[in-house]
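Hey, can you work out the whole structure from these sequences and the hints?
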Amino acid sequence: MSELTTIARPYAKAAFDFAVEQSTVEKWAEMLKFSSELIKDETMQTFLNSSFSSNKLADTVISICGDQLDQYGQNLIRLMAENKRLIVLPAVYQEFQHYVEEHQKIVEVQVISAQPLNVAQSEKIVAAMEKRLARKVKLNCSLDSSLIAGVIIRTDDFVIDGSSRGQLARLANELQL
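The working numbering numbers the first residue of the sequence shown as 10 and each following residue consecutively.
It cannot be assumed that every hint is accurate.
As the list claims (entries may be wrong) - Now the in silico label distances, taken between C-beta atoms and shown as ranges:
1) I73 / K22: 46 to 56 Å
2) V29 / D76: 22 to 32 Å
3) Q124 / R179: 20 to 30 Å
4) D79 / A143: 26 to 36 Å
5) N64 / Q124: 29 to 39 Å
6) S173 / N127: 10 to 20 Å
7) E183 / T52: 53 to 63 Å
8) A181 / V29: 47 to 57 Å
Unchecked claim - Think about it this way: if two alpha-carbon atoms lie no more than 27 Å apart in a straight line, the pair counts; the simulated DSS-like pairs of lysine-lysine are:
9) K49 / K36
10) K114 / K147
11) K36 / K147
12) K65 / K42
13) K36 / K145
14) K114 / K36
15) K36 / K65
16) K145 / K133
17) K147 / K42
18) K42 / K22
19) K22 / K93
20) K133 / K114
21) K49 / K93
22) K36 / K22
23) K114 / K22
24) K22 / K147
25) K65 / K93
26) K93 / K42
27) K145 / K22
28) K36 / K93
29) K49 / K140
30) K114 / K145
31) K65 / K22
32) K147 / K133
33) K145 / K42
34) K114 / K140
35) K42 / K114
36) K49 / K22
37) K65 / K49
Quick caveat, the hints were computed from the structure, so don't treat them as lab data. Just so it is clear, CB atoms sit at the ideal spot from N, CA and C, and this is done for glycine as well.
Here it is, written out as structure tokens:
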């Protein structure tokens with residue numbers, strides 16, 4: 010997967026820089042999302058792995074996308090087809106989204122809880138994390154009953170373990186000293 014990211018990053022960065030310069034970030038996000046969903050299709054994967062010329066591949070993808078792509082989006086498809094990189098378009102979209110979030114100062118925070126969070130709890134976590142990280146926060150909540158109670162909050166390399174399981178593990182570690 011890291012190889013795909015390495016290949017996708019320059020395309021995503023170039024598309025993002027161009028989109029910011031032209032004030033068309035949302036349009037580019039839509040174009041990349043649509044075309045990456047197309048590329049993920051099993052039939053399209055088979056077609057892309059065929060022996061057709063890069064022009065044929067690009068023309069086919071562009072014709073299927075239709076009005077979803079403007080001339081610059083079409084240029085990106087042609088460039089990626091020429092470099093035999095159309096298959097990494099979904100990774101380009103993911104990297105593009107990272108650039109957008111970074112540009113908008115948005116960070117995704119994963120919250121793992123033993124019980125479903127209510128609205129007040131979610132809002133409290135968002136407010137605390139926005140203050141701590143000095144960025145807008147987008148919560149991604151999931152459940153894990155093995156935590157017993159409490160929550161684990163993660164973002165990038167920052168972790169807050171407020172779960173009962175985590176507290177018990179720390180206590181057991183202290184008692185072994």
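How the hints compare with the structure:
1. I73 / K22: 46 to 56 Å: Cβ of I73 to Cβ of K22: about 26 Å, so the range 46 to 56 Å is violated.
2. V29 / D76: 22 to 32 Å: holds, 23 Å
3. Q124 / R179: 20 to 30 Å: holds, 21 Å
4. D79 / A143: 26 to 36 Å: holds, 35 Å
5. N64 / Q124: 29 to 39 Å: violated, 56 Å
6. S173 / N127: 10 to 20 Å: The hint (10 to 20 Å, Cβ to Cβ) holds, given that S173 and N127 are roughly 19 Å apart.
7. E183 / T52: 53 to 63 Å: holds, 57 Å
8. A181 / V29: 47 to 57 Å: holds, 50 Å
9. K49 / K36: Given pair K49, K36 holds - Cα atoms ~20 Å apart, limit 27 Å.
10. K114 / K147: Since the Cα atoms of K114 and K147 sit roughly 11 Å apart, the hinted pair holds (cutoff 27 Å).
11. K36 / K147: This hinted pair holds, its Cα atoms lying about 21 Å apart.
12. K65 / K42: holds, 22 Å
13. K36 / K145: holds, 22 Å
14. K114 / K36: Answer holds: K114 to K36 is near 19 Å, not above 27 Å.
15. K36 / K65: holds, 25 Å
16. K145 / K133: holds, 13 Å
17. K147 / K42: holds, 19 Å
18. K42 / K22: Holds. K42 to K22 sits at ~15 Å (cutoff 27 Å).
19. K22 / K93: holds, 18 Å
20. K133 / K114: Since the Cα atoms of K133 and K114 sit roughly 19 Å apart, the hinted pair holds (cutoff 27 Å).
21. K49 / K93: holds, 16 Å
22. K36 / K22: holds, 15 Å
23. K114 / K22: holds, 16 Å
24. K22 / K147: holds, 22 Å
25. K65 / K93: holds, 12 Å
26. K93 / K42: At roughly 19 Å apart (the allowed maximum being 27 Å), K42 and K93 satisfy the hint.
27. K145 / K22: holds, 22 Å
28. K36 / K93: Holds, at roughly 24 Å.
29. K49 / K140: Violated: K49 and K140 sit about 38 Å apart, past 27 Å.
30. K114 / K145: Since the Cα atoms of K114 and K145 sit roughly 6 Å apart, the hinted pair holds (cutoff 27 Å).
31. K65 / K22: holds, 26 Å
32. K147 / K133: holds, 13 Å
33. K145 / K42: holds, 22 Å
34. K114 / K140: Holds - the C-alpha atoms of K140 and K114 are around 13 Å apart, at most 27 Å.
35. K42 / K114: holds, 21 Å
36. K49 / K22: Given pair K49, K22 holds - Cα atoms ~21 Å apart, limit 27 Å.
37. K65 / K49: At roughly 18 Å apart (the allowed maximum being 27 Å), K49 and K65 satisfy the hint.
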